[in-house]
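Protein chains: 2
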Amino acid sequence: MTFALNIRAMDKPGVLGKITSYIAKKNVNIIFTQVYNQPDGNASTYIELENVEDIDEIIKGISEFSEVFEVMQSPTMNDVWGKRIIIIGGGAQVSQVALGAITEADRHNIRGEHISVDTLPIVGEENLTQTIRAVGSLPRVKVLVLAGSLMGGTIVDSIKEIKEKYGIKVISLNMVGSVRDHADLVVTDPVQAGVMAVMSIANTAQFDIGRVKEVL
Amino acid sequence: MTFALNIRAMDKPGVLGKITSYIAKKNVNIIFTQVYNQPDGNASTYIELENVEDIDEIIKGISEFSEVFEVMQSPTMNDVWGKRIIIIGGGAQVSQVALGAITEADRHNIRGEHISVDTLPIVGEENLTQTIRAVGSLPRVKVLVLAGSLMGGTIVDSIKEIKEKYGIKVISLNMVGSVRDHADLVVTDPVQAGVMAVMSIANTAQFDIGRVKEVL
Chain F
-16 MTFALNIRAM
-6 DKPGVLGKIT
4 SYIAKKNVNI
14 IFTQVYNQPD
24 GNASTYIELE
34 NVEDIDEIIK
44 GISEFSEVFE
54 VMQSPTMNDV
64 WGKRIIIIGG
74 GAQVSQVALG
84 AITEADRHNI
94 RGEHISVDTL
104 PIVGEENLTQ
114 TIRAVGSLPR
124 VKVLVLAGSL
134 MGGTIVDSIK
144 EIKEKYGIKV
154 ISLNMVGSVR
164 DHADLVVTDP
174 VQAGVMAVMS
184 IANTAQFDIG
194 RVKEVL
Chain L
-16 MTFALNIRAM
-6 DKPGVLGKIT
4 SYIAKKNVNI
14 IFTQVYNQPD
24 GNASTYIELE
34 NVEDIDEIIK
44 GISEFSEVFE
54 VMQSPTMNDV
64 WGKRIIIIGG
74 GAQVSQVALG
84 AITEADRHNI
94 RGEHISVDTL
104 PIVGEENLTQ
114 TIRAVGSLPR
124 VKVLVLAGSL
134 MGGTIVDSIK
144 EIKEKYGIKV
154 ISLNMVGSVR
164 DHADLVVTDP
174 VQAGVMAVMS
184 IANTAQFDIG
194 RVKEVL
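Note that the protein sequences, when read in sequence, are chains F and L.
13 is the number that my numbering gives to position 30 of the first sequence; each next residue is one higher, with no gaps.
30 is the number that my numbering gives to position 47 of the second sequence; each next residue is one higher, with no gaps.
Any given hint could be a false lead.
You can't tell identical chains apart in this list, so a pair holds if it fits in one copy or across any two.
Derived lysine to aspartate or glutamate pairs resembling DMTMM-like cross-links, with alpha carbons at most 25 Å apart [what the hints assert, rightly or not]:
hint	residue 1	residue 2
1	K(-5)	D37
2	K125	D23
3	K(-5)	E108
4	K1	E53
5	K(-5)	D62
6	K148	E50
7	K8	E108
8	K125	D62
9	K148	E53
10	K8	E47
11	K125	E53
12	K125	D140
Worth flagging that the hints you see were computed from the coordinates, not collected in a lab.
Since we're looking at a predicted model, the values are computed, not measured.
Throw the hints in and build the complete structure from the sequences for me.
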């Protein structure tokens, strides 16, 4: 079972190392950690743990460090935000794909799914290449939708990378350039592309992206 | 200066602790860390460092751990995804707020800004309360837009919490319920709400949310 903790502590070097070393000694696996500085000057650590026998013991142990102010159990990121769809490209197309994806995600989330739709309107070969690479560093991403009019060049390399390394599915709008040839699915209507992105990952839907061989 | 590293390593207890302890000894501050398991069974660690004198020395040091396969410098999350706007509520409204926000973010991002628009269509008092609380655990969130027709009850408590604890601004649609009274700005048109959310955080825009005292 997976547990999540929110830890508020002093923001100084070594605190995260202390906490993670303590957890490692308990033979518990850390599957996700996130540390960031709060406006009040303290550090907020969110941590997800797997293979936990006694969560109360771990909470007590961490609370005893002098640098730690507060340890609270919380829902996991997956419980709250669930699977993620990332939509990037030009504003006109991104907003239309988002319209389809959000509307469809709403239909599944109301039946207990958790699907988020995250977007970044960004253009230019270099920007897009960098952004697609960075999708690999995001947790819980299942599908990337490329929403533009023209994409090719180095963007193709970054698509290959996230497909192979991270197993992320790629949907492309039907656009000019070579990106189309490297997508798992090509869709002409942006609203439809958003709807299908959600259908492809919702447990409450029946749609296997691997079985569609045509450009829609 | 802030640096970011992507580290691929064996997925076993203690590896993160080793890495963070090594970094702490160099007197470098870890401002953000994220660890997650890859489909191939290894662990991917993304780490942002502040106060670095010699990044090459740190890369070399981490590379020498026997559990580490690869250390690569990468752009920071802030360089790529920038400031975040989170939109939550019912699908109909979330999609219209997103339309406004994405279209406006596109106008600023094309001039060098980095603004992402992230959404979760989710309804129900308990779900919304939990989700709003969880916004506090997300990095780089500047504005939360509540996009629904009816919100009140415990949702108000979670709004107060993220405003006070994390300094996140809250924009609410003009809706039924008590949430409206606790927002920094209330807007009737959802597209307008999305546009104003972006304007309030873009360096390329001039709009101070604190100076608007009316319901739009």
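The hints, checked one at a time:
no. : hint            : result
1   : K(-5) with D37  : between (28 Å within a copy, 19 Å between copies)
2   : K125 with D23   : between (34 Å within a copy, 15 Å between copies)
3   : K(-5) with E108 : neither (39 Å within a copy, 37 Å between copies)
4   : K1 with E53     : both (15 Å within a copy, 24 Å between copies)
5   : K(-5) with D62  : between (30 Å within a copy, 24 Å between copies)
6   : K148 with E50   : between (38 Å within a copy, 19 Å between copies)
7   : K8 with E108    : neither (46 Å within a copy, 39 Å between copies)
8   : K125 with D62   : both (15 Å within a copy, 22 Å between copies)
9   : K148 with E53   : between (37 Å within a copy, 13 Å between copies)
10  : K8 with E47     : both (16 Å within a copy, 22 Å between copies)
11  : K125 with E53   : between (33 Å within a copy, 24 Å between copies)
12  : K125 with D140  : within (19 Å within a copy, 32 Å between copies)
Comparing the model with each earlier hint shows violations of hints 3 and 7; every other hint is respected.
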